[in-house]
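Engineer: Letter by letter, the chains look like this.
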Amino acid sequence: MKQMMKIDKNIENSKGYEISLAEDERQDLVQDKFGKLVAINLDQGLSELSPKAKLRLEQSRELAISKKKPEKAFAWASRMKLAGQGGSSSNSQGKWLRGASLIAPMIALTIGLLAISQWQQDARIDDIAEVDTALLSDEVPPDAYADNGFWVFLKNLTAEESQQNSDSESSLTK
Amino acid sequence: MASDRELSDFLKASEKRAFKQVIFAVRDEDAALDIVQDAMIKLSQSYGDKPVEELPMLFTRIVQNCTKDWFRRQKVRNTWVSLFSSFKKSEDESDPEEYLETPDTQSFGQESSKQLEKAELINILEKEIEKLPKRQREAFLMRYWEELNITETAEIMGCSEGSVKTHCSRAAQSLAAALKKLGIGL
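Sequence lines, in order, name chains A and B.
The first sequence finishes on residue 174 if you use this note's numbering, and the numbering steps up by one all the way, no holes.
The second sequence finishes on residue 360 if you use this note's numbering, and the numbering steps up by one all the way, no holes.
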């Protein structure tokens with residue numbers, strides 16, 4: 001019995017809560033409707049502005065547009081647009097130029113990288129050519145460097161030279 | 175990012191509303207025009223590269239800040255003016271209240287034209303909106319005239335969403351009561 005009463009009370013509470021929720025929603029709806037009606041009336045009042053105010057607002061707008069923040073990425077493209085088309089272009093042309101202004105730096109970067117690698121390759125070829133020229137223009141024929149006997153001769157020659165040098169140094173000290 | 179054309183269109187659509195809102199706050203047409211011009215220039219210079227859909231909220235915020243700046247400047251100026259006027263009181267006995275605008279005391283309901291009635295209704299409505307407390311007026315106009323949602327309004331006003339709801343509700347009740355008192359129904 002006690003439990004039944006408790007359940008009844010809960011149902012009553014929940015009904016009260018639902019009613020208050022519904023009331024809140026209704027109030028919100030009324031308020032929204034009222035707010036929108038006020039807004040409609042205020043909008044209608046905008047056409048009643050004085051000519052002085054209308055003119056001043058127009059001038060202010062033009063001034064603001066003239067001071068617009070320049071587009072960093074597209075400044076180059078817009079300059080090209082102005083130079084090439086005398087400042088008049090359709091929307092699609094503008095979009096095309098914007099796209100081009102994004103792609104152009106990437107193309108320039110690729111060309112730059114290719115040029116650097118080409119230059120490095122040329123420098124390496126020049127170095128090899130320099131060594132070749134030195135070998136070919138030397139008194140010793142290039143084949144001699146491939147001969148083992150010549151290498152032994154060079155080794156002995158350098159050993160003898162160093163021996164002679166050390167002898168002369170010791171005689172001087174004596 | 176907004177093109178010059180898009181920015182111009184946006185300003186064209188918003189400038190009159192912004193001007194009216196500033197008038198509600200400062201009650202001086204010339205000052206309101208200056209404030210709106212400042213706001214337009216600031217929007218264009220600082221946020222001209224933002225997408226069009228971000229402009230309404232940015233512009234509303236800038237207009238609010240410019241209005242606050244104007245009030246701050248006025249406060250400083252008035253301090254100095256009152257300081258100097260206290261020295262000159264004996265020479266110039268004019269009452270500052272003489273310069274204050276008195277509300278129109280036109281009789282209502284005499285105009286036969288529907289247009290005039292409408293204009294009168296708008297005039298009354300604007301006057302009643304002017305009378306609302308600052309925060310209530312801001313919240314109400316942002317929500318219903320600029321059609322910003324509760325979150326956006328709360329962000330611009332720097333308060334909670336609950337506060338926005340309360341401000342709007344009180345503003346609507348005050349307006350409805352004032353209009354009812356004058357025998358006007360929307």
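Worth flagging that the hints you see were computed from the coordinates, not collected in a lab.
Treat the hints with caution; some may be incorrect.
To be verified - Using C-beta positions, here's what the derived DEER-type ranges look like:
hint: 1; chain 1: A; residue 1: M106; chain 2: B; residue 2: D204; range: 49 to 59 Å
hint: 2; chain 1: B; residue 1: Q219; chain 2: A; residue 2: L114; range: 39 to 49 Å
hint: 3; chain 1: B; residue 1: S256; chain 2: A; residue 2: R26; range: 48 to 58 Å
hint: 4; chain 1: A; residue 1: D43; chain 2: B; residue 2: K354; range: 17 to 27 Å
hint: 5; chain 1: B; residue 1: L232; chain 2: A; residue 2: K33; range: 22 to 32 Å
hint: 6; chain 1: A; residue 1: L37; chain 2: B; residue 2: R246; range: 52 to 62 Å
hint: 7; chain 1: B; residue 1: D204; chain 2: A; residue 2: I107; range: 36 to 46 Å
hint: 8; chain 1: A; residue 1: L37; chain 2: B; residue 2: D178; range: 32 to 42 Å
hint: 9; chain 1: B; residue 1: T253; chain 2: A; residue 2: Q44; range: 32 to 42 Å
hint: 10; chain 1: A; residue 1: L114; chain 2: B; residue 2: D243; range: 49 to 59 Å
hint: 11; chain 1: B; residue 1: D178; chain 2: A; residue 2: I40; range: 25 to 35 Å
hint: 12; chain 1: B; residue 1: E203; chain 2: A; residue 2: M106; range: 46 to 56 Å
hint: 13; chain 1: A; residue 1: L29; chain 2: B; residue 2: R246; range: 37 to 47 Å
As the list claims (entries may be wrong) - Below, simulated DSS-like cross-link-like pairs (lysine-lysine); rule was C-alpha separation at most 27 Å, straight line:
hint: 14; chain 1: A; residue 1: K52; chain 2: B; residue 2: K354
hint: 15; chain 1: B; residue 1: K292; chain 2: A; residue 2: K67
hint: 16; chain 1: B; residue 1: K292; chain 2: B; residue 2: K249
hint: 17; chain 1: B; residue 1: K354; chain 2: B; residue 2: K288
hint: 18; chain 1: A; residue 1: K36; chain 2: B; residue 2: K249
hint: 19; chain 1: B; residue 1: K216; chain 2: B; residue 2: K249
Just so you know, even glycine gets a beta-carbon here, dropped at the ideal spot from N, CA and C.
Engineer: Can you tell me whether the CB distance of B:E203 to A:M106 sits inside 46 to 56 Å?
Structural biologist: For A:M106 against B:E203, whose Cβ atoms are near 53 Å apart, the range 46 to 56 Å holds.
Engineer: B:T253 and A:Q44, beta-carbon distance inside 32 to 42 Å?
Structural biologist: Given a distance of about 40 Å, which is inside 32 to 42 Å, the answer is holds.
Engineer: Does the beta carbon distance between A:M106 and B:D204 stay inside 49 to 59 Å, or does it fall outside?
Structural biologist: For B:D204 against A:M106, whose Cβ atoms are near 52 Å apart, the range 49 to 59 Å holds.
Engineer: Has the hinted range 52 to 62 Å been met by the Cβ atoms of A:L37 and B:R246?
Structural biologist: violated, 35 Å
Engineer: So the hint says 17 to 27 Å: do the beta-carbon atoms of A:D43 and B:K354 match that?
Structural biologist: holds, 22 Å
Engineer: Lying within 25 to 35 Å: is that true of the beta-carbon distance B:D178 to A:I40?
Structural biologist: holds, 31 Å
Engineer: Given a hinted range of 36 to 46 Å, is it respected by the beta-carbon distance of B:D204 and A:I107?
Structural biologist: Because 54 Å falls outside the window, the suggested range is violated.
Engineer: Taking 37 to 47 Å as the hint, is the beta-carbon distance of A:L29 and B:R246 inside that range?
Structural biologist: Since the Cβ atoms of A:L29 and B:R246 sit about 39 Å apart, the hinted range of 37 to 47 Å holds.
Engineer: CB of A:L114 to CB of B:D243, is that within 49 to 59 Å?
Structural biologist: Hint holds: Cβ distance 55 Å, inside 49 to 59 Å.
Engineer: Given the proposed pairing of B:K216 with B:K249, does the C-alpha separation stay at or below 27 Å?
Structural biologist: holds, 23 Å
Engineer: Is it true that the CA of A:K36 sits at most 27 Å from the CA of B:K249?
Structural biologist: violated, 34 Å
Engineer: Starting from B:K292, check that the Cα of A:K67 is at most 27 Å away, please.
Structural biologist: Cα-Cα ~39 Å, so violated.
Of the hints listed earlier, those the structure fails to meet are numbers 6, 7, 14, 15, 16 and 18, in rising order.
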